[in-house]
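Sequence lines, in order, name chains H and B.
Each residue of the first sequence is one higher than the one before, starting from 20 at the first, in the working numbering.
Each residue of the second sequence is one higher than the one before, starting from 20 at the first, in the working numbering.
Just so you know, these hints were derived from the structure itself, not from any lab.
A portion of the hints provided could be inaccurate.
To be verified - A few chain H positions that, by computed beta-carbon distances, are all more than 12 angstroms from chain B:
| hint | residue |
| --- | --- |
| 1 | Ala59 |
| 2 | Asp103 |
| 3 | Pro363 |
| 4 | Gly570 |
Unchecked claim - Keeping only pairs whose Cα atoms sit at most 30 angstroms apart, straight-line, the calculated DSSO-like set for lysine-lysine is:
| hint | chain 1 | residue 1 | chain 2 | residue 2 |
| --- | --- | --- | --- | --- |
| 5 | H | Lys354 | H | Lys402 |
| 6 | B | Lys24 | H | Lys244 |
| 7 | B | Lys24 | B | Lys565 |
| 8 | B | Lys350 | H | Lys199 |
Just so it is clear, CB atoms sit at the ideal spot from N, CA and C, and this is done for glycine as well.
2 protein chains.
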Amino acid sequence: MPSYKAPVENVRFLLEDVFGIERYNNLPGFAEASPDLIAAILQEGAKLCEEVLQPLNRTGDLEGCTRHDDGRVTTPKGFKAAYDAFVEGGWIGLAADPDYGGQGLPYTLAAVMNEFASSANMALAMYPGLTMGAIAALMTHGTEEQKKTYLPKMIAGAWSGTMNLTEPHCGTDLGLIKTKAVPNGDGSYAITGTKIFISAGEHDLTENIVHLVLARIEGAPEGTKGISLFVVPKRLVNGDGSLGAANGVSCGSIEHKMGIHGNATCVMNYDGARGWLVGTENKGLNAMFVMMNEARLGVAIQGLAQSEVAYQNAVAYARERLQGRSLTGAKDPDKPADPILVHPDVRRNLLSIRAFNEAARALVLWTALKSDVAHRSGDAAEKQAADDQLGLLTPVLKGVLTDVGFDNAVKAQQMFGGHGYIAEWGMEQFVRDARIAMIYEGANGIQALDLVGRKLPRDGGRAVMAFFNEVGGFVKQHAGDEAMAPYVKPLEAALGHLQQATMWFMNNAMAKPDNAGAGSYDYMHLFGLVALGYMWAQIARTALAKKANGGDAADMEAKLLAGRFFMERTMPESAVHLARISSGADTMMAMPAEMF
Amino acid sequence: MPSYKAPVENVRFLLEDVFGIERYNNLPGFAEASPDLIAAILQEGAKLCEEVLQPLNRTGDLEGCTRHDDGRVTTPKGFKAAYDAFVEGGWIGLAADPDYGGQGLPYTLAAVMNEFASSANMALAMYPGLTMGAIAALMTHGTEEQKKTYLPKMIAGAWSGTMNLTEPHCGTDLGLIKTKAVPNGDGSYAITGTKIFISAGEHDLTENIVHLVLARIEGAPEGTKGISLFVVPKRLVNGDGSLGAANGVSCGSIEHKMGIHGNATCVMNYDGARGWLVGTENKGLNAMFVMMNEARLGVAIQGLAQSEVAYQNAVAYARERLQGRSLTGAKDPDKPADPILVHPDVRRNLLSIRAFNEAARALVLWTALKSDVAHRSGDAAEKQAADDQLGLLTPVLKGVLTDVGFDNAVKAQQMFGGHGYIAEWGMEQFVRDARIAMIYEGANGIQALDLVGRKLPRDGGRAVMAFFNEVGGFVKQHAGDEAMAPYVKPLEAALGHLQQATMWFMNNAMAKPDNAGAGSYDYMHLFGLVALGYMWAQIARTALAKKANGGDAADMEAKLLAGRFFMERTMPESAVHLARISSGADTMMAMPAEMF
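Here chain H stands alone, though its shape is the one from the complex (with noise of 0.2 angstroms):
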């Protein structure tokens, strides 16, 4: 049976030493998030994951989610006592505005939890996860009565949220949206359409589910200029705030799927279900982006999660199977053989994992400090900056975050030989569920199109821009220090292969946009090698000082190590992406579509 343990003191490293979250304590919810609360809040969260999530992870996928004949679906058994647990631990709320009822605490931390129970169990985090989106979306887009309602039951977790765009004939376009919204003459909204793919659409979990709803209201323009957001609870709400009678929507089928059997991928069906308009008519888009954002930041974390639990149980067995001996001689001579860990391969492969997990759990938390900045921020200019390198590196979180997770998940299964491949052991479980991550939110090959095409080009380049002279500047910064240089030289060769990447898009996509289509999965993983390999310098410059100081030896130096082989073993991969992105769509292009 596989384990977990919560990477707490890594989280701590990054958030204290490396990232200095002291030096946010302007911003609200941060000065009282010191760094013994912090230590405390992690360790909860820490505990919670590992001892009432984790233990229910197999069964969950074992046992899976059931319809009923009367449209009541249940979730495995424990979710329901489990949910409770996260529930009064208060971490729904934890970084919610505290007139609704939230801790009003860094979402940078409510972050941190998310990876904690994504590796735990990945199918029970998404309820709490979803509500946690709908919470964000209401909170920006809803009227002052739509968030008195809702917000305070969601944050206590006594109800739970859901997002529900996709549609059978539509995904990706929303324009091709068919759920229609036909007003009723009291303020709200009748809605009537086939939702599919909604993750918690029904569940036992919650006493109320409140549905955020794409739909068109009669008469709109066609096209997703024509899409409003609606919120439509399961049970109607009174006057006073106590539930009253069900409303037009219901579970029709729940999916038979790859993975994530805990949570219940319902088919919805909305017949004149009353719902009411969330922000401007025709405007949904707009709105439900925002609880996209989030949640595409969330699914991010959901595969290093997969890559960091499969991680630790492939160095656990790693340790324990004894398999051939050392290339160099027996270094177990007693035992019948060696551990594997002894042999270079293994070491490779694990490596390639760690080396990955670090940085992309650095570049999660620098990512959600822009976020906390962003939103929170008195400061105009610094909230714009940090608003522009968030909408930046989201789809470049959620696209190589989740691709490389998936791979590493991959990895880690093979290190165990066949025991890999049997379910008993659990690690098929990490594969499986890890790859819904790359699908769901918008596919990664739709994160790419967002990256090339609207975030490269938003408000002439200043969001890039502004990363390339960070990084840049970091590297000029370095320049002369030859402790740095392991780390220092592969970042600046990779940023000048992103530069030259970008540049390439600018000579060669405005004229020719399939150009930019055909290298946009490439650049996005250009992308991610950079900001990456930007947190491996940065962790090292920091490890490079507290060793220096005597602190933590040994965990400094194995940090050091790690990035010294991401830098030697990842790093390279930058020019085979700008090579391809170079070779333009000419070729793809030419190719008939019956040719296929």
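Chain B: place on chain H using the hints.
Below, chain B alone, put in the same frame as chain H:
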């Protein structure tokens, strides 16, 4: 529901046009295999796979195998009839020795049928596949009596075969095997022990099962030098060839695993079962290697097979799914959206799979022809040269075709968005089934070590030098050919990287073997790139010639485009592999075990 169409035309193009199979007519079995007969055989095989095997793929996955309390194992509904149809088609004995009932046709044709059958239904195809491997082992190392007893029944499909290597505490390191063999005094041995992960170990398709079992004869030396191979029938065979009493071997349980649910993966308990020595005492690993090498090629083909069927279904979906508009303006303005095949990133994804599949198929056929020459040629030098290449290429094909085949199944699944994650579409089954091919018959890390540690240095590097000479000779021959330049120049660059990597091992791994282990995996993939690139260069040469002669211009142009895509987008990876190899083992070996 997924579908499948066997790539008969592509196989004929490769065999007839690219490799000129008529050049092999001096080999036994080849003269009979005229182009017309080959076409008829391939059509017949395609029909069986498309109409009989494929429709059972998804139902077999859903139902799986069942072990009953008495130890019997039932395969999914329809498998027995489909197996019988496979047997009646004479497919098991297609390439087997006519003296024992085989048809003596080229092994190359059996390899093609293996691809078709594995695309259609990998779990089902494994049953006869293992029999064919066992036939090869008995053919090479069995006594005349053993051959007469077992081969006709196995070739006729009445009895099936298995290979029993793995035990709970050992897989890769077979020197640790504990299963023991005690002489009964009548020429037979009593075999006792537990074997795990035995594919097709017990089932209801045949009246008998012939287990080939590695065990240690009492008093044998420790380690791999004390392992012998035994043939252990499930039911004993009377002197007249009829079936006798049940032998002391039974299926203790079947595994619940990620995929290939239709194939029974068994724990086999040997309790004093009667077995007979195959080959020489204590030389069992050598004997088993005959079966393993054939099996490794078979597994490589499974990687290609899953990539092919996943690709076909992804293309069909990309043609039908309407979503979004082309970046260069609507292509189907009358429809609500364009088919997603208009998007460059979708084409990139699909072409990366297709460009691999065609080259991988060529590489399989090229290697299979080497196998035919190695086993059938009367010319000692030709035989030796072919055997060298077969030995060199087997780990490359096993490692690279299964790694990339799995990645491609994942890429094809991605084209379906959320639908790819839903079981009923069938794409996630391809991913789950393809995953095992990276693990069994020697995990891919072991293939890499076999390549670098054994196949490279063998006979003073004779095999690898011959490979370099052949590819280098092709490059030189076409150096001045402008039409070939887009294929030859990238091949030349990658060959250069491969040669540099080989030289790096010579200079750095002799004194420090960890440097070989640290670079072995990248070396295997670098080798694969060059081999696949060489296949594309040969295909391009043929396609250019046929196009110039006015033959199948559109088809040939599509091949030239796919090959160009491979050269532009995949070949550049060679530089990264070289960079990684050259970074050596220092960083990874410096990490203390407790710091992983």
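- prompt: Which hints, by number, does the structure contradict?
  reply: 3, 5, 6
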